[in-house]
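Residue-level listing of the chains:
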Amino acid sequence: MIEIIRHHGTLLLVGSWPNGPLGGIAVTLLLASLGMILSFPIAILIGLARIGEWRWPRYAATAWVYAFRGIPLVMIIFWAYFVLPRVTGVAVPAFATALSAIVVYESAFLGEIVRAGLQGLPPGQLEAARSIGLSYRLAMWHVMLPQALANMLPSLVNQFVSTIKATSIVYIIGVHEITFAAQQINSFEPDKALQTFMVLACFYFTVCYLISAFAQVLERRLRSRRQGRASPPPTGQEAT
Amino acid sequence: MLFDWTFLTGASVATKLFSGVVTTLQLFAAAWIGGFAVALVIVGLRAIPFAPLGWFMRLFVEYHRNVPTVVQIMVWYFGVPEVLPAPVRLWVNQSQSEFIFAAVALSLNVSAYYSEDIRSGLRAIPHTQIEAARAIGLSAFAAMRYVSVPQALRIGVPPLLNRTLILFKDTSLAMVIGVADLTYQVKAIENLTFRSFEVFAVATLVYLTFSLAIMGAGAWFGKRFPPGFKS
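Protein chains in written order, with the numbering used here: chain A, -5 to 234; chain B, 1076 to 1306.
The shape of chain A in the complex, shown without the other chains:
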């Protein structure tokens, strides 16, 4: 395994950069981070619609969440690959295709985390905000969302780990991330498949384990800070 890391370590870390396109785990992390950041505004809209009074946005958000939680990411990637060039009229790079699929997929899971975060707050918060004269919109924006976001942090970090793991499938459309790099190494060294894929597993393990441990620290701090208050920490559902 040391040999694989010594010969192909940079391919796994950054791909053929700086002489070629960026790849490896750098692209995995980039894809997961961009996926989370871009899907977050959609997720907030979904969360607000799911707990809101308006009927049609609520139905639409519920349908969105159930649909994208029920379809495998591979199918969403196929759809993105098929739909995007037809809608935009130009050839869409593999990275953008994968990113679009991940944003849509993650928005459903993040939307549920936002909803759980908002519903986990004591109802008195909204009532108090409304009674001092804030509109529903302002009460959400200045009172509910900031508190919900603080409570959601551990779930968001856990979802980031899920997103990193989910990105491993995008190599099938040719995105140069770390699983793609491992496939390349496997074709150079066909008799060292076990070592190659164990090295790949170790990379993912290290990154995901450290981030999960960070989420646990966050959760413990949050719990000790909120001790005695009536807000249970939100629980999100995990995607893989």
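Rather than coming from a laboratory, the hints here were simulated on the basis of the structure.
A couple of the hints might just be wrong.
Examples of chain A residues lying across from chain B (beta carbon under 10 angstroms, computed) [to be verified]:
id	residue
1	W58
2	A176
3	Q177
Simulated DEER-style distance windows between Cβ atoms [as the list claims (entries may be wrong)]:
id	chain 1	residue 1	chain 2	residue 2	range
4	A	P184	B	F1296	45 to 51 angstroms
5	A	L28	B	L1083	32 to 38 angstroms
6	A	P116	B	R1220	44 to 50 angstroms
7	B	A1294	A	P116	21 to 27 angstroms
8	B	P1225	A	Y53	44 to 50 angstroms
9	B	A1089	A	G118	57 to 63 angstroms
10	B	P1225	A	Q113	23 to 29 angstroms
11	A	R215	B	L1228	31 to 37 angstroms
12	A	W11	B	A1089	53 to 59 angstroms
13	A	R217	B	V1224	25 to 31 angstroms
Even for Gly, the Cβ is constructed at its ideal location relative to N, Cα and C.
Since chain A is already given, all that's left is putting chain B on it; use the hints.
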């Protein structure tokens, strides 16, 4: 764009789709049964107070939770045959080995999650509940039957069902090693006919139907058996 749905009923396309659905369901069933069985063994092993065994089981669980399922499948399919003895390797190469490796990888993957869900269900029942049940005159079996197991199930089953949904979706990842499941067949039909929209739509509907059934079971269970108390 004109959509031609009739082509879907064409003999070869319909056969491919149907065999894909069957393979997907077979893989799901195999991984579910295998995963549940391994999970029960893990729960038993983790109850043994022997530190090295405990560390090993923790490592097993953490490996399966922190490495992507695709990579676990690749380790099994590309990696593990290298270290198998030659006769076994020969047998593996000649038989339908993708399916077996995918089923093993998915079973072990889901067993790590199942075992954690079962453990948290069991742990959530304070021992005082059993003591109280015994104190009011229930037998040990009755205390389990009427007091601890119903509460443990209410806490443990919803995450188990959620993980089952993820397992069902994860069967689509087996296509990367060539298991001819629904996703694999969709890609094959698309390559043959270029009728992407129709094939994708049908496959998406099939996946959604089964996923919604699992989610519906979860929603029903949560409503019918709400958790007795929160720990």
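The hints, checked one at a time:
1. W58: Status violated, d = 13 angstroms.
2. A176: Cβ of A176 (chain A) sits 8 angstroms from chain B, so the hint holds.
3. Q177: The hint holds - Q177 (chain A) has a Cβ within 10 angstroms of chain B, the shortest such distance being about 8 angstroms.
4. A:P184 <-> B:F1296: 45 to 51 angstroms: holds, 48 angstroms
5. A:L28 <-> B:L1083: 32 to 38 angstroms: holds, 36 angstroms
6. A:P116 <-> B:R1220: 44 to 50 angstroms: violated, 37 angstroms
7. B:A1294 <-> A:P116: 21 to 27 angstroms: holds, 25 angstroms
8. B:P1225 <-> A:Y53: 44 to 50 angstroms: violated, 35 angstroms
9. B:A1089 <-> A:G118: 57 to 63 angstroms: holds, 58 angstroms
10. B:P1225 <-> A:Q113: 23 to 29 angstroms: The hinted range 23 to 29 angstroms holds for P1225 (chain B) and Q113 (chain A), with Cβ atoms some 26 angstroms apart.
11. A:R215 <-> B:L1228: 31 to 37 angstroms: holds, 32 angstroms
12. A:W11 <-> B:A1089: 53 to 59 angstroms: Check failed, 47 angstroms falls outside 53 to 59 angstroms.
13. A:R217 <-> B:V1224: 25 to 31 angstroms: holds, 29 angstroms
Going through the hint list in order, the structure does not satisfy hints 1, 6, 8, 12.
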